[in-house]
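S.K.: On the provided structure of chain F, position chain R as indicated by the hints.
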Amino acid sequence: MRRDVIVAAALLLLAVASAAGVWTLEGGARNFPITMAGLLGAGAVILMARSMLGNPPKGQAEADEAPVAYGRLLIVAAITVGFVLAMPWIGFYPATFLYLAGLYCWLTAMRPVAAVGLAVVLTAAIYVLFGLFLAVPTPGGAIISTLLG
Amino acid sequence: MEALLVAASNVFSPEALLVLVIGTVVGLFVGALPGLSSTMGVALCIPITFGMDPAIALVLLGAIYCSSVFGGSITAILLRTPGTDASIATTFDGYPMAQRGEGTKAIGMALVASLVGGVFSALVLLFVAPPLSRLALLFGPQEYVFLAIFGMVSIIGVASGQALKGFVTAALGLLLATIGLDLFTGYPRLTLGQDELLDGLPLLPALIGIFSVSQALSLCISNEGAAADKPMLDVKGKVLPEWAVLRRVARTLLRSSVIGSIIGILPGAGTSVAAFISYNEARRHSAHPERFGKGEIEGVAAPEAANNAVTGGSLVPTLTLGIPGNAVTAVFVGGLTIHGLIPGPKLFTQYADVTYTLILSLILANILFALVGLVSAPWISRVIRVPNAVLGPAIIVFSVVGSYALRNSLFDVWLVLGFGVVGFFMERWRFPGAPLVIALVLGPILETNFRRSMQISGGDWTTFFTRPFSLLLIALIVVSLCYPLISRWRGGKRLLG
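Chains as they are written, first to last, in UniProt numbering: chain F, 1 to 149; chain R, 1 to 497.
Extracted from the complex, chain F is given alone in its bound form (with noise of 0.2 Å):
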């Protein structure tokens, strides 16, 4: 219950910043975000309440309990923001080669050939798919482009 208190502080927070962003807007402009920014404060406060002064409800408190591996979360999350910052140098499929090997060598159980194997195969069905048949525009990286004249 203690996670509901802090969200419900971050909402409250969202929605006081939210409303004054917006007040000094003109003609009725602000007025459709601050009652939103209200409604979402009021819900905020109940809920900050209701989790300190009552009683969780039933299978609350087990989802509470329910481990989250947070160090992998923060590698994987990592990797992806990497992955996403590296498409506009090195280029979208490149880039997906990498994400999809590093995280299959290190996610996996397989033998790393078998799980760079398996990213380049799945790259090349996304170049198919995306940027043969679907002529779907994706970053052509800067680097690769220099490189290559």
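Since the hints were made in silico from the structure, they are not lab data.
Small disclaimer: the values here were computed from a predicted structure and weren't measured.
It is possible that some hints are incorrect.
Stated by the list, open to error - Covered stretches of chain F, going by a simulated chain R footprint (3 or more residues, C-beta under 8 Å):
| hint | stretch |
| --- | --- |
| 1 | 7-21 |
| 2 | 29-38 |
| 3 | 75-86 |
| 4 | 122-136 |
Where a beta carbon is used, it is the ideal one built from N, C-alpha and C, also for glycine.
M.R.: Chain R only, in chain F's frame:
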């Protein structure tokens, strides 16, 4: 009639049939894989439809939606691992049947029931939606205000045991929906100086983030899929049920199809609710209720007919009024809008050929997944042995390329990842995601029509309470708000009695 004929020729074109087959196969796998949902399947495939003709795009999305609901039942029966929430009730009797060596029979019944439920609901959509859309033409902005409120109230009300959290996430969605230029004054609101947000918070990145990336993150950090370690029961012999069995369950199939279609039309409730209600009704009407839970074939027929009957029903308010009743149909709204189709009565006048193509393709998709399912059931149950850690990163890559394709903007990719992380924690901490995305769809409808009503009436508030349809909708909202309280009070009285 002319539109129906055009739609028929669209549906039977080679391109549509090919897309239908692809959508059906994709949907079956999405449904069968635990951790992947119908919503995710439809959301991930929307970017693929960019270059397609709108009618063909909707055929693909419709086929994925229908077949993914059925796909979950195969693994529910053979592994007691429902691929989606819709198939949880199917495990009650499907798995005991499979344990007794009647897995093939159970899958056959699930196929027939899903076919009956799906086709029934597509026919409901075909016959109910056009008159409702004509009625919707009589609606003014005042009615749309109350329709949006009704949609919100319903979706919050059914967030089982999480009404407060549903309310909070809906309010957050409504607040996020105000981001962008104010259409009436031109003031930028809550854009944080980002030009990409001037047109508002794009719906699709939010949908893909909340429903796809969040699930993909869960798959990445989970240990090897539990389903992969479970012993799988064999599928051998004749799949289709015998005539005598079909006659015995005919009434259950019809009842469940009606229940599923009605629940689908009502905003808020979804496939799992329909499946549970139909299961209970089948047990209540059965001559042998004691057999339920021990491998009774009617216990497979009822939930499977009902959950597939939700598909067509849920598209009724979405297509006619533009009010999505659940998360999948909210995603559908996103799919319609990127093809320039605004959900509402115009879909049955200006774009009638496209809309009827979708409806007819739903009928065809239901027949097709039954045929594909008949052949591929043993293969589908093997596919779920793909480890979660292989699926997760691949889904993230699909989400990234799909979101980039929206506007060729990396900003949308960051939005997808941001919403993915938010969705991940929302799920862990039991904040329902559906009210948030439905609020993102309904927020602009609510605000625009409210302000338009006030402009038309010269600021007179009574304009909301003097129109018959408005009053009817207000009554519905009051009933939706009071129903949970009344049922709780009645439940309490029964306990005391």
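S.K.: Tell me, in ascending order, the numbers of any earlier hints that this structure violates.
M.R.: none
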